[in-house]
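Undergrad: Read off the chains here:
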Amino acid sequence: MRLLGLMFAPGFFSNAPVHTALLVGGGAAVVSAVVGVFTVMRGQSFAGHALADVSSAGGAASYLLGLNPLVGFLGMAALAAGGMEWADVRDARERDLLTGVMLGAGLGLTALFLYFAAVTGSATGAAITVLFGSMFTIPASIVPVALAIAVAALAAIAAIYRPLLVSAVSEDLAQAQGTRVRLIGLVHGSALAFAVALSAMTVGAILSTALLIGPAAAGLRLADRPGRSLAIAVLTGLIATWGGILLAYDSYYWTPGRGWPVSFFIVVLVFLAYLLAGLLARVRLRGVRLAAAQPSGCGQH
Amino acid sequence: MRRRLTVLFILAVTAAVAGCGHSPRDSTLSAVGIESQYADVIAQVAGPRVRVRAIETDPNTDPHAFEASPAIAHSLATASLVVENGLGYDPWVDRILAASPGARTVIDVGRLLGLPATANPHVWYDPKTMPAVAEAVAAALSAARPSDAAYFQSRARAFVASLAPWQEAIERFKRRYGGTAVAVTEPVADDLLEAAGCTILSPYPLQIAIMNGTDPAPQDVAAQEALLSEHKVKVLLYNRQVTNPLTASFVDLARRNGIPVVGVYETMPVGYHYRSWMLAETSALEQAVSHGISTTQLGTGTLRP
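Each protein sequence line maps, in turn, to chains W and A.
Using numbering that gives the first Met the number 0, read the first sequence as starting at 0 and increasing by one per residue.
Using numbering that gives the first Met the number 0, read the second sequence as starting at 0 and increasing by one per residue.
Don't read these hints as lab results, they were simulated from the structure.
Treat the numbers as computed from the prediction; the structure is a model and nothing was measured.
Positions of the beta carbon are idealized from the N, C-alpha and C atoms, including for glycine.
Treat the hints with care, as some may be off.
[Claimed, not checked] Partner residues aside, some chain A positions facing chain W, computed with beta carbon under 8 Å:
| hint | residue |
| --- | --- |
| 1 | Pro204 |
| 2 | Ala216 |
| 3 | Leu245 |
| 4 | Ser248 |
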């Protein structure tokens with residue numbers, strides 16, 4: 000009980016901004032982890048990051064136009080995802096280049112919109128919020144919209160689960176099985192846009208990559224079966240996000256009167272989880288080798 | 000990147016100023032008030048014999064996010080008197096001035112008042128500030144043009160005297176409503192509230208976080224919300240020029256709980272002089288506390304001194 004008191008600083012569970020952060024952050028973590036596993040398997044991590052950077056232009060524009068930032072993030076991410084699928088570049092090098100150029104253009108737009116937001120309106124702190132997130136200032140009214148987006152993204156992935164998995168392993172195999180690979184790509188792209196918009200809303204556009212690929216990478220490192228990888232990724236994402244929120248809340252008492260940014264803690268926890276997953280995977284691999292070596296050793300006796 | 004741009008920009012400005020040769024400053028003195036409220040005070044002290052320009056004049060934007068243009072740098076470089084707020088509020092001014100050395104007087108208001116660098120920068124809301132500024136401006140102008148010294152001094156005295164109704168309004172409020180608990184989103188009018196004897200219950204780190212656009216602590220956000228939902232304050236003052244979804248949610252919460260809100264200006268609104276502006280803000284505060292009347296925008300009445 001005293002340990003719990005030590006972990007959860009007073010008022011954590013009755014704090015309204017914390018409630019909103021837990022809900023929206025949790026939704027973002029689950030969707031990012033699930034979509035992230037497929038994104039990593041498809042080798043589209045960089046595209047995911049670019050999408051997030053481009054979505055920041057939407058977040059910045061929403062400050063300029065006085066819209067709900069989630070709408071801005073989502074609109075721009077969907078536009079970018081659609082553009083990437085439409086361009087349909089197969090050559091890996093070409094695709095990297097296209098992605099990088101698009102990322103730059105997106106951030107350029109962000110700079111422009113943030114500038115206009117600052118000189119024509121009173122969008123104080125828009126830059127930090129858009130790029131690095133500001134979880135405890137998320138208005139509670141966003142919760143239903145955010146959770147609806149999360150459910151929609153998960154439903155889309157669930158609907159194409161099998162073919163998505165096959166095409167992530169081998170596009171040729173999927174094509175041979177009669178899967179419409181481009182349609183699958185399009186649906187995955189949309190889910191990716193949803194995931195990116197949600198995590199941009201929580202940890203900011205720049206850091207949303209961490210939530211997208213970190214837990215997914217940990218899941219893929221630790222498990223061979225996709226179902227298990229997904230479960231581990233979701234768990235990792237949730238622990239990192241909720242743990243980050245808790246640490247940010249507690250940090251208020253480390254440096255009196257000043258809480259540290261939530262995004263920092265989340266990203267650090269994601270990084271640690273990735274390291275830990277690597278360590279565990281190595282230990283497990285050694286275990287497998289030992290197990291493989293032992294029966295033959297036993298057999299000689 | 001930003002620093003490199005600034006250097007390039009300063010080089011360009013210096014070249015432009017050097018190329019201009021002599022400015023017509025011998026015939027007309029020119030003075031710049033970085034924030035329009037200072038330009039207003041300079042103009043009242045200097046009268047029509049000095050050309051006065053304000054730089055930050057838009058009451059709809061956040062002055063903390065201001066960026067200077069080459070034209071602004073030029074008018075700064077050629078002015079013989081510059082009044083800046085200081086206290087980290089307009090740091091770009093010193094950079095431009097350093098790039099174009101010349102004979103000019105610079106009044107850093109924060110330093111003039113002897114405030115520590117970390118003080119709340121919105122010092123013009125303190126009734127003691129502008130009298131000191133007027134005096135310093137008169138001294139600087141007198142030094143620049145000794146033949147008009149008596150003229151500047153008498154105008155400065157007249158300006159200080161003209162502030163009496165405002166100071167009386169503050170005193171009256173303090174007598175009637177001293178100790179009134181208030182909430183604020185931002186420290187913009189804190190100096191006025193303190194002078195009027197109000198007790199500001201909003202956590203100061205929250206005010207600073209909103210002012211700087213950084214992440215506020217959830218504890219402070221919850222404390223602020225409790226002030227409003229538990230009716231612990233009589234009024235919520237918010238900075239009209241520093242708004243974000245969080246400040247909007249505070250204003251909304253106050254309204255739902257029947258707590259009057261007062262939108263205060265950070266930059267002098269159009270149609271006002273310093274004195275009429277401060278009187279209007281003080282009366283908006285009084286209206287809120289005495290009659291529960293909200294004021295989100297000051298009327299653009301006739302221009303009065």
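Undergrad: Ser248/A was flagged as interface toward chain W. Is the shortest Cβ-Cβ separation under 8 Å?
TA: Hint on Ser248/A: holds, closest Cβ of chain W at ~5 Å, below 8 Å.
Undergrad: Report holds or violated for the interface hint on Ala216/A, using the least CB-CB distance to chain W and a cut-off of 8 Å.
TA: 3 Å, holds
Undergrad: Let me know if the C-beta of Pro204/A comes in closer than 8 Å to any C-beta of chain W, holds or violated.
TA: Cβ of Pro204/A sits 5 Å from chain W, so the hint holds.
Undergrad: For the hint on Leu245/A, just tell me whether its beta-carbon gets within less than 8 Å of chain W.
TA: At 4 Å from the nearest chain W Cβ, Leu245/A passes the 8 Å test, so the hint holds.
This entry satisfies every hint, going by the numbered hints stated previously.
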